[in-house]
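Chemist: First to last, the protein sequences are chains E and U.
Per the numbering used here, residue 1 is the first one in the first sequence, and the count goes up by one each step.
Per the numbering used here, residue 1 is the first one in the second sequence, and the count goes up by one each step.
Any given hint could turn out to be false.
Stated by the list, open to error - Covered stretches of chain U (in silico footprint by chain E; criterion: 3 or more residues with CB under 8 Å from a CB of chain E, positions within the stretch not fixed): (1) 8-19; (2) 103-109.
Unchecked claim - Derived DEER-like restraints, expressed as beta-carbon distance ranges: (3) Gly148(U) - Gly187(E): 54 to 60 Å; (4) Ile270(E) - Arg186(U): 36 to 42 Å; (5) Ala91(E) - Ala174(U): 43 to 49 Å; (6) Gly187(E) - Gly20(U): 31 to 37 Å; (7) Gly20(U) - Phe22(E): 50 to 56 Å; (8) Leu221(U) - Glu170(E): 55 to 61 Å; (9) Val29(E) - Gly148(U): 52 to 58 Å; (10) Gly148(U) - His268(E): 41 to 47 Å; (11) Ala269(E) - Glu194(U): 40 to 46 Å.
In case anyone wonders, no lab produced these hints; they're calculated from the structure.
We put the beta carbon where it would ideally sit given N, CA and C, even for glycine.
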Amino acid sequence: MSVVTKGDVPVWRRRTTPEQYFIWLAWLVGTAITVYCWKLISDKTLWIFVEDAPRQAADMASRMSPPAWSYMSKLWIPLWDTLNIATLGTAISIVLAVPVAFCAARNTTPSVLFVRPVALFIIVSSRSINSLLWALMLVTILGPGVFAGVVAIGLRSIGFVAKLLYEAIEEIDASQVEAVTATGASGAQVLTYGIVPQVLPAFAGISVFRWDINIRESTVLGLVGAGGIGLQLDASINTLAWTQVSMILLAILATVIVSEWVSAKIRHAII
Amino acid sequence: MLRIENLVKQYRTGDKALKGISLEVPVGQVMALIGPSGAGKSTLIRCVNRLVEPSSGKIFLDGTELTGLGIGGLRRARRRMGMIFQEYALVERLSVMENVLSGRLGYVGFWRSWWRRFPQSDVQEAFRLLERVGLDHMADKRADELSGGQRQRVGICRALIQNPSLLLVDEPTASLDPKTSRQIMRLICELCDERQLAAIINIHDVQLAQMFARRVVGLQLGEIVYDGPPDGLDAEVLTRIYGEEDWEATIGKVDAEDEENGEAA
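Same shape as in the complex, but just chain E (with noise of 0.2 Å):
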């Protein structure tokens, strides 16, 4: 903010002039750094493939049409299965967040000091690594199949689950909890009378969204070997049975589609 007086009339300016140049400035040098970019991404595209690029997609479209409806038969059980993965790494991750969260949260946390970092660092590490390399890692550990799906959607959405919640516990209503304490409730009363009521709304929407990201992320795991459907597209690809991938693709679509469903009507009924 800048003042300047003309003549006897001070003059009311968002910026001084100086900051004005500057922004001005940070513009073009971010515009130039793009302008720049392109070009190299440009000089290092094959743009013989590209310009091929419409008919090769009209070419994958028509080897994938009409998808093979037959082959809906064999995908039940993969879907199930995915399903699975899905729903019990979420309920693994929830039953192992919620105690990390109250020791991540600065207000619940038994030690600022001790216990916070290392909760932390347990969100962090989980969130840093993609499902599919926790399950890239598990079934080299403990084999391929469902189960390393479920270890691998538990392990990263423990970091998910346990962030947002913790977040949640530090912005509730301090005056609330120091009633309930003010009455004599003991440090496990004092949480699940002042503390629980105030994050369970918090506590639902997270879960039933991680949910709902948990099995677009299970569809893929199969790739890695780690159980569900992906296991069949992994298939269907390597032989280029293209209307089977299709079909498959078709019926991951449905499956999000209503797990999406699912999640609003429960997050609904909850919050």
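Here the structure of chain E is known, so what remains is to put chain U in place on it, guided by the hints.
Modeler: For chain U alone, kept in the frame of chain E given last:
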């Protein structure tokens, strides 16, 4: 009953909120604590039940030194001190009944409270208290469905079901309209009379303090600058507590309202 000796509270920021307060509240006395914002009123009552840890000094309740108690002892001592809050501080997503019964948390074990299986005598007492404050039909409502005055009544029930010997009341009327404020203050004072409770009531409104309290203590920057009967609050005393201002209107109005009150009763 309650004895405070040379209480000092210094916050970590270095601010001295209380500078050596000594105060005694006998059984059954309703005491109003007045003073400008930041004078240390809230800190003082929170030091009594140790929601705020005092820096030094001693506090005795019926001979028990509160300042030296461990966790278990403090919990038992807190049961005897009911607290009423400015913004009611009800647990918004619990029902009225659960809020009232939460006043018994110091007396029941964890699993009983978790499954909401409070002793029948507690439930009966809760109903009796709700009836006393005129809210017995609201027991199943969620706390966030109530109006301000109703919420504060629930807050009062929660404090009383503890069966306390002392009430700590923090700005009970700050979020209420003038009529409800008077009703709530009258209710608190009546209940204190019925049960021979001592009370410390923090209050902004000088007129309300004069109307309802039998003793007024004025706090200014962490020090007691007045301790006496409500009618001793003249322009000179109010200036000492709050600073220079035209106090004639405040003092004059109180007398008129007191008479009006007497007629209404």
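Chemist: Does each hint fit the structure? Answer for all of them.
Modeler: Hints, verified against the model:
no.: 1; hint: 8-19; verdict: violated (count 0)
no.: 2; hint: 103-109; verdict: holds (count 5)
no.: 3; hint: Gly148(U) - Gly187(E): 54 to 60 Å; verdict: violated (31 Å)
no.: 4; hint: Ile270(E) - Arg186(U): 36 to 42 Å; verdict: holds (41 Å)
no.: 5; hint: Ala91(E) - Ala174(U): 43 to 49 Å; verdict: holds (45 Å)
no.: 6; hint: Gly187(E) - Gly20(U): 31 to 37 Å; verdict: holds (32 Å)
no.: 7; hint: Gly20(U) - Phe22(E): 50 to 56 Å; verdict: holds (54 Å)
no.: 8; hint: Leu221(U) - Glu170(E): 55 to 61 Å; verdict: violated (33 Å)
no.: 9; hint: Val29(E) - Gly148(U): 52 to 58 Å; verdict: holds (55 Å)
no.: 10; hint: Gly148(U) - His268(E): 41 to 47 Å; verdict: violated (29 Å)
no.: 11; hint: Ala269(E) - Glu194(U): 40 to 46 Å; verdict: holds (45 Å)
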